[in-house]
Every structure is written in C-alpha cells, then in structure tokens.
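Chains as they are written, first to last, in the working numbering: chain A, 1 to 287; chain B, 1 to 253; chain C, 1 to 422; chain D, 1 to 328.
Hints are computed from structural coordinates only; laboratory data are not their basis.
Be a bit skeptical, because a hint or two may be false.
With a straight-line cut-off of 30 Å between C-alpha atoms, the simulated DSBU-like cross-links for lysine-lysine are [claimed, not checked]:
id : chain 1 : residue 1 : chain 2 : residue 2
1  : C       : Lys76     : C       : Lys325
2  : D       : Lys78     : C       : Lys337
3  : B       : Lys57     : A       : Lys277
4  : D       : Lys325    : C       : Lys190
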Amino acid sequence: MELFLQQVFNGIMFGSTYAIVALGLTLVMGILNIPNFAHGHLYMLGGYITFFFIGTLGLGFWPSLVLTLIVLGLLGVLMERIVYRPLTDQPHINAFIAAIGALIFLESLALVVWGPQGLRIPNPYPQNFELLGITIGLQRLLVIIGAITLIFGLHVFMKHTILGTTIEAVAQNREGAMLNGINVNRVSAVTFAISSATAAVAASFLSPIFMLSPSMGAILGMKAFIIVILGGMGSIPGAILGGYILGVIEALGGGYISAAYKDVFAFGALIIILTVKPTGIFGKKEA
Amino acid sequence: MLSVKSLTKQFGGLTAVRDVSFDIRPGEVFAVIGPNGAGKSTLFNMMTGTLKPTWGKVFIGEDEISGRRPYQIVARGVARIFQTTSLFDQLRVIDNMMIAYKWRTGLGFWNTLLHTPGWKKYQAEAFMNAMETLAFVGLAEKSEQLIPTLSQEEQKRLAIGIALVSKPKIVLLDEPTGGLIQEETDRITRLIEKIREQGITVCLIEHKMQMIMGLANRIAVLNYGEKIAEGTPDEIKNNQAVIEAYLGGEIHA
Amino acid sequence: MKKMKQVALRLLLVLSALSMVCTGAWAAEAVIGFTGPLSGPGAGYGRDNLNGLKMAADDINKAGGITVKGKKYTLKIESYDDMIDPTAAVNNARRLRSRSGARVIYNPVFNTIAPLMQINEQRGSDFLLMAYSSTPKIEAIKNDTTVSIPPPFTAYVQAFSDIAWEKGWRKAAMVVTLGAYGDEWREAFKHYWTKKGGEIVADKPANYYTDTDFSAQLSAALAANPEFLLIGGPSEPTGLVIEQARNLGFKGGFMLVDQAKMDYIADVVFKGDLSTMKDVIGIVRVLNLPSQVIADFTKRYEETYKVHVTFEAALNYSSLFAVAKAMEAAGTVSDPKAIKAAISKVLPQSGDTVPTPYQGILFQKLLVEGSVGVIADGKYQKNYQYIWWAKDENAFNKIKEKMVTSPNVEIRWMPVEGYLQQ
Amino acid sequence: MITKPIHTRLMYLALFIAALLLPLYVPDDYIFQIVIMSVLYAIATSAMNLIIGFTGQASLAHGAFFGIGAYGVAILTKAGISFWVALPVSALIAALVGVLVGIPALRTRGHYFAIVTLCFGVIMWILAGNWIELTGGHNGIFGIPQPTPVRLPWLGEIEFFSQTAQYYLALGFLLLTLFGLHRLIFSVFGLTFMAIRNNEPLADAVGINTFTTKLIAFVSANFIAALAGGLYASMIGAVSPSAASHMLTFNFLIFVILGGIATLSGAVIGAFAIPIIMEFLQFLGDYRMLFFGALLVVVIIFFPQGLVGGLRRLNQRIAVWRQNKVSE
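Required output: the full structure, derived from the provided sequences and hints.
Dropping the structure here:
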C-alpha cells in the first residue's frame, strides 16, 4: 500500500509537469493550429536558462524562475515571428518540418553552449518528510503546488481577462474572430509567449531535482504532443487530465510492470482511444 | 424514382429535419425550397449518404440507400453537387471529370500497375466520356486548364459536369446557381433543362424563386425542418402556409 | 654579386624546405580516424573517447611523432559525428579511409561497430577498427582487422560480485539502464550472482538516457529490502539515482555497472562529497590507478578538455600509444593487418608512459586488468586489479610480476570464461 | 494523355545513362557509399511521397515499416533463407501489418492520423529494442549475409559484395519503384489519390471508396518502404532499433518536403540532396546540426514547394525573362 501511494505521488508530480507542458502546447495547437513539435525543446531551454541564472550568475531560485519565465516568453514570441508566422498559409506538414528544424537548432544550441554532460542545479529545498508512510521531497511537493497554481492562474486569465477571452474566441473560430476585428497576429504572439513561458516554469521547478541534458526535451515534447491529441486539440481540461493520467500510468507502469514497455502501454492506449474516438476525448467534432 | 420516407435528423436535442417524405418521379425536375436554415442541405446530405438519418429511409426504386456510404449511393445512380462549389482545385478540368467517372470502370490498383489490356480500354473510355460530358456542359476547350483559371460560372458547370459524367439516373444539385448573376443563372437554368431533356431526373435546392418557378415540375417546401407543402409551381404559389413562411407574398420575388 | 648569391642560396633553402613539406619527406601525417556520437544522447561518452585520443596524439607528436622506416610521421586525429547511426558511421569510415587515408579508425558503440566490421576487411578499403565496447559479442564476429580496447564487462561482473560477496552483501536489487549494454549486464549479473548463492530481490530497469526521475523504479526496488542496489548507465543520471535512492531512505550500498564512474559521480554530481554515496563498488577512480603517470595525466586532461577524466579517455589514450608503437614496429602506417600483428610485439606497456598499461593482446582483445574501486564509510578504499585472462595460477604470477605495484592496490586472479590464454 | 515535352524526356534519358555509368566516374568509396545510401533512401522516400504527397495522409510510421523490412530480411537470412525470398516475404509482412494498422488508423484524419501513426512507429521502435529473442534487443542483429549471389544466363554469377554490385541492386529497385509509382500516379487511378488529398468529401461524393483508396496508398507505401529496409539490412550488414525509429521517419519527411512534395522527382532529389548537404556540412563540427536546423527553417519558409518547386520557379523566371527579351 505504501509503495502504491509512493508511486501515485510520483505519478502526480510527473503528471503536473506533463499537464503544464501539454497545456502550453494545446493552446498553440488549438488556437494557431501549429504542430509545434519543438515545444519540448523550449522546456529544455527553460531548464538551461534557469541553470544560467542560478548556476552561472548565482541568483536565487525564485528570481531565476521569474527571469526564466520572461526570457522564454520572449523567445516564444520570437519563434512565432521567425519560424511559424511566415508559414501561416502553407500546409501543416511544412510547419511540422519547420518545427523539426527548430528543435534540431535548439538542441544543438544547448549542446554547443553548455556541452553534452548533464548539468545540475542545487536543490533549494532538499528537505524530505514522511507522510502516510511515504517519503515526500519538499521540492517535489513544490512542483505539484506550482503546477496547480499555474493551472489555476491560467484559468483565471483565460476566463476573466479580455486578452484571455480573446484567445479563447480565436481558438473557437479563427475566421470569425478576424471578422470581428481581433488582431490575430497579436493573439498568436501572446499565445506563444504563454505557451513557452509555462514550459519554462515546468523546467524551472523540475531542474533542481533532475539533470539537464540537451536531449531531455525530445521525449517530453513527444509525450506532450500525444497528451494534446488525446485530450483533443485546444482542449485545456483535456491537456490537464491527459497529463495527470499519463503521469500516473507511467509511474505505476514503471514501478509494477516493465519499464521498457511502459511507453508501449501509453502509446498503445492512444491508438485505441483515437480509433474509437477519432478526435480525442474532449475533441471538437471534426478538426 | 427516388423516394424519401419520414426522414428525421437530430443534432443533440435540435431537430434539423422532421419527418419529411416525398417521391421524385422519373424525368422531372424536383425542387426543394425553403428559407435559410430550413434544413434543406441536411436533407440533401442524408439523401446522399454524407449524414446518417436519425430516423427514416431513402429509396432509389426498390433499393434502400439510406445508411450506405456515399460511394455506394453514387454507384446506384445518384450523383450530387455541393452547395459551395466543390471541385478538385489542384487538378485540371479533365482530371476532375475522369476521377468522377472512375467508379464506372475497372481501373483498380492491379490493372493500373500492370497496364492490362482492360486498363487501356477503360482509360480511353474514361477520357471519351469525360470529353463528351465536358462538351455537354460547354467546357470542351478548357479541358487542360487548371481550376483556378475558370470563371465562377465555368466552375459551376464543371461541378454539374462532374455529377453527370458517370451517367447517373438522378442528380441532386445543391444551389447550382448560388453566387451567380442573373445572366449566368439563366445559362445554368438552360443547362439543367438540357439535363432533363437527356432523361436524367433532377432534384435541386434553390433560393432563386423565379428560376425555380420556371424550371421545376414539382416543388417541396421546407420550413423549420418540416415539409409544409408539395405540388406544382402554381399550387405552391397559392399555398397559404408557404406564403406565410415567406413573409407574405414575397414568393413572387 | 655576392649579395645576389646569398639571396639565391636562401631562396634555394626555402624552396627545398617547401618541397620537403609538400612531398612529405620532412614530416608526414598518419591520420587516425574517429567516428562516434558527438551530439545526441551519447555525446558525452563519445567525447570522452575522442579526448583521450586527441591527448595521446598530442603527446606522441610533442615527443617527436613516430618513425616508420626512417621516416617521421605525426599523428592527426580526424573525427566525425555519427550519432550512433550505422549509416552515418559507415559513411564516416568510408570518408576517413578514402578521403583522409586513415588506416586506423576508432568507434565506441557496438551498434556502429557491427556494421563497420562488415566493411573493414574489404580489399582496397581496409582499415584497422579500434572498437571500444566491452560486450563479448565483438569477439563473436570473426574479423582480422579489429581490436577491442576495454576489458570485457563480464570481468567486471565477476570482480564486483567477488568484492560484494566479501563485504557480506547478499540481497541485490537491480535498477540498471535499459539498452543493449544494460540488458547484457543484468543478464550476466543475475547469472553470476545467483550462481554464487546471492539473491536478486527486484529487477526494475529504467531508461537512463531519457528518464530523469527514477523514483518509480527505486520505490519498487527498495520495497523488496535489498542490501545493495546494482545501478548504472551514464554517470550523471547514475548520480541522480543514488541521490533519489537516499532520499527515499535507502541506507545500503551501491554497485555501479562499468559505464558509470564513481569518481565522476563523486566529483561532478556531489561536488566531491562522498557522504551520499557512502558505500560503493565500481570501476576504479582514475586518479587511484597505480601507474606513475596517472596524476600528471589526470591533471593535464582536465586542464585541456575542461571535463572530468574518465576511464574511457585513459584506455583510448593507452591504446593509441600501442597503435603508434605498432606502426613503428610493423614498419608501415598503411597496412592494417601488419599493424595489428605488430601490436603484440609492443606490449606490455609501461606505467610511466601510459595511465592504463596494456599487458598483451588476445586475438582481437587488448588485455588490461579490470580495476575495481571501493568507497566505504564515505572514503575511497584500496583498489583491486583483476587479471581475467590468465588460465592458471602460474600464468597469473607471470603477469603479476610485470605489473606496477602499490600498497593501495591488490592484484587478484579472476579467470573469465572465453578469454583464457594458453 | 499526360505527356511530357521532348526535352524533359531527353533529360530523364541523360540522367538514366548517367546513373548507369556512375561506377565509372565516382571519385571514391566515400562518395559511392553516400550515393548507394541515397538510392535506398530515395526508394523509401518515393514511397512516403505516395501516401503523404499524393494522397495527403501524413503517415509518420514510415520508418517503422522500413524497420520491418530490415528486421525481416535480417532474421530470415540469418535463418538461412535466401535473400531473394526473404526480401519479398518481409515486404509482404510489412504490407500485412500495414493493413492491420491502416484499418483503424485511417479512421482518423489530419493531425490525428499523423499522431496515431507516429505512436505506432514509436511502439515498433520500442519493440525492436526490447523483444530480445526476436530482434536481438538494442544490440540488434549483426553479421547479416550479403544478398545471395544470382546466376544470370549471359553474365555469369553476380555477387553483391562490392559497392558496384550493391549500387546496381539498389538502383534496379529504385527504377522499379519509380516505374511502378509513375504508372500508378499518372492514371485515373492515381488521380483518385490526389482527389482524396484535394477534397475528400467530394471524392466520396463522386463514387470513390476513399477508405479503400487510402488503404491501398498506405499499404503500397509500406510495402516499398520495407523493400528499401530489407536492402538496407543486407547492405549495411547490421540492423539495430535506429533502423526502425521515428527519427528515420523524420529524415524521410525532410527529404520529401525539401525535395518537393507530390512530385516523383522531388522525393529522389531530396533523398540525394539532403544527405549530401549533411556530409558537406561536416566541416562545421559541433555547429553542424545548429546550422542544419536553421537551414531547414529557412528553406521551408523560402521554398515551401521544396527544391523542385524552387527549380520550377527559376524555370518560369527564365521563361519570362526570355519572353521579355524576345519582345524587346
């Protein structure tokens, strides 16, 4: 039972990361219809930027987190402007290629600047405590709390600010929004900024527990992609739920079943779900 | 010819089409009219297999076609054109026509890969028929052109040609003159008359009353998803329910 | 007139010098090729290998290069990235062989070594493949121009088990990396440890290359109450595993598969603090090797390449010295077969030239002892060096005589099947 | 019906002869190796073009089917079966798997289809790495025999050890593939592929069984990809999970898009140009992939139709320029 609880706790922590990374991706995919396959690499870069502020400049954890958020937000805007906007009227597959180009670029950039060796950030909250017989790291708890705060904050933003509702309007009907005089380009930029900033927050929270490596974004990006599709493109509840489900499945799968095949279950489940419901669990009728 | 029996379609809790029935007789032009949102296109989509009816059936002769896939319905001699001009706009005019003829031929994977004698025969047959139909709709000399170079009217003609090329028993035309000016509309009307002269049954949805009144043999009127009247143009013109639905007498438009 | 003569003389000198450089009579280059992962997940490992070669080439050149049949050569390392892709590795090898004229090519991953072994014997494009892979599968492929550099990992499996047994450890749980190497390690350890009478209470592999959290596997493994954990993959994530295991309350010891390096983990992941690691058995700390040059080697390596020294770097360094000497002995820089044949003549190496002196060569395997290091109570302890190719006590003693001794090193005999020398 | 102008035909003839004579003038083993691999990639890429370019279904499982072919040939030939039996059998297995995957996967559209196939690709990759009994795990299968020598009536016995023989073998398969694809695509049947890409509801409405047609395109593409994979396995002599990975799919995708999607020549050009550019960039060392990533983005922005599209545009410009000159 304790083992089970421990695994569920791990799963929830992971799910929190997945949820916020997928959340950013679903905004971009749902609103801009851009398959931003490089999203995981923005997360990776977020980790390195955090390392730069903490490890190289010696700033504290919280200021670094805020600075990383700003830097990545700007980077997101830049990426939208340089990489994706010129491709607006082209087939999606071209945007996909551009995304592959962008992710190759970002990964090599990290490799050139920081080298291939794994880097570590000192853990600001290394304390552990026992609860219900399971060991809980404070930083791990912080990941969960941070994620939930972020999700809540984003919800408030989307529902109760003009900018947020505008984004939702564009998500639901791009042409209609354009006819209503909404500046779609500006919405795109803002969406990208939010999307990459959330990825950066996930990376900042996690980096003290984990290790940074240039290739750490690839797998996470792919998983986020799958969560987004599973939850239905553009669906925020879908991304959150999908993220937590995948996190828990993985933790239980990795602990109880084979680690080698745990991804097979996740990916296999996706195939089955999509063939039964071809537009995802929370998906709109026809994309 | 084609009969519709108690067709009903619900989307969620909304009923788009309620209990509509009619029979289309061979060789006539049958029109379905009604204000915007009356459920005309939904009805059409059910007749051509694009939508599954919640209730009711569609027959072609004795053969039930409701619930079948669109390509199976086409193979029973029911062709259609879409409301917004729908063409293969990345391809040439002649390609559009030949694609629509394909189901009548044996041009399958192996035939094509091995270039069997049958392939040659069918390929020539498809080309001949395509050219013939293009001549019929008046696009013979445009056969090598790409779609975006065609005018609005030519695109409409091509769409009708695509429906006709596989020699259907009945064509369903969803607003064939939508977006055209009067002169163009007249020319399309003449084309539809020519189709009737060929012995092909026509069922069409239209907004333009004047055109319908001159063209159709019989008319069914939909309002809020229900059939409120059916009859000859004269009967319809004088039908009280129809006049009310069209806000008092504007039916003569 | 006299001035003219002087100018003419000087011109002649310069010209002759130039022509000597051009024709190669002055000092030619022998190209040593390297293809391996320099980007992607294996990049760190690939670079460790390459750095060792670069440093060896520099040192050899600084000492005047090599002399083959009276002609001076300097060594030049030419490297290409293959990202562990067989196609790219073959392309790189072809390029190195036909464009740069490399007759010796290094590669450090089995997945790319196997396809290279298909082409390195082709007439007209043959090269000596220097393979850094500890899997015995290499020896299963018959190939006359391949040399493998590290000891077989099975030697480490046995040696580590030996020491763990002495320490009184019995119950093991495994959280080893996924992948070819990890799969083989688990299999071999399971076989050997249970044969010895030990017990394996859990086997929860994890992907050290893609995962960053191991708490799922660790929680499951620790639930079975093991006395020690067999862990490992690349060093950095291995350090993470140690930290996460301690955070989950694990008090026992660790055994590291030979890919993970205890000194690297201690210095890089834990910044020199051994208290978290506490009890570890694994491949020896490079700095604790008994060779005379080791301190100097480590210092220069870390200064030049700004990374922690690794065993891969040391072995590659030593192997290139062997190749260079073999070229001299064979009297050729271009005949791979002759170079390989001459390697046995230049061994054993001495501890005052290379950090990990090779004792000999057996078919295609260079022979170097398996060096085991131990951390106990948060301190480095005595090393053990296992001679794994001696078929009997006698042969062992003969080898032992030639080896560098030190009070901190105990030399032991540990025959490993399949490698016993006649 | 669809005829090419005479100068285009001459150009293709010249290319064909140049390809046949290539071993006579290829400068060294290295270039030859790249050419051989590019020929193999061109086969797989052309097949991918059938499903993605012509039919408009973004299948991201292509690498997996390449892998099925590679592993199939590896396992069968190691079991002593002749290469000439192993190759078609592996391709047929891939086709069968294609049917089984296609039937559920083709129910989805657009991004969803891409993701479902990508997931399948990842699963195959994981299986390749972990089904140790069958695939040899992450080590893969090595020591795969070269294609069995064939005895031809007037040429004597042909072995496939040399690069030249391997080249002709691969070239033969490429020509066969292009020949088959040419027949399929330039026909009424082929038009139905493009009809689906262009306007699926209309294709449905004009009597095309869109599902079956998509399935045929998908399965044919997989069959050909597996052929390329089988050739790859016996030429490289070793397969490991990287031969079935989604990274391979992405590579093929890059070849197709940058070469020129939905053109027969585009896929081939991409399969040659990109690997050659990559090799050329080796001098950049650590900065190579950095540069390549940026290059990819720039090229896709400025040449959305790929290299073939770029060439066409250039051709048009030249035509316009010449016309202007004449009219002056």
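We went through each hint and held it up to the structure:
This hinted pair checks out: Lys76(C) and Lys325(C) have alpha carbons roughly 15 Å apart, not beyond 30 Å. With a CA separation close to 28 Å, the supplied pair Lys78(D) and Lys337(C) stays within the 30 Å bound. This hinted pair checks out: Lys57(B) and Lys277(A) have alpha carbons roughly 27 Å apart, not beyond 30 Å. Restraint check for Lys325(D) and Lys190(C): not satisfied, since their Cα atoms lie roughly 81 Å apart, outside the 30 Å limit.
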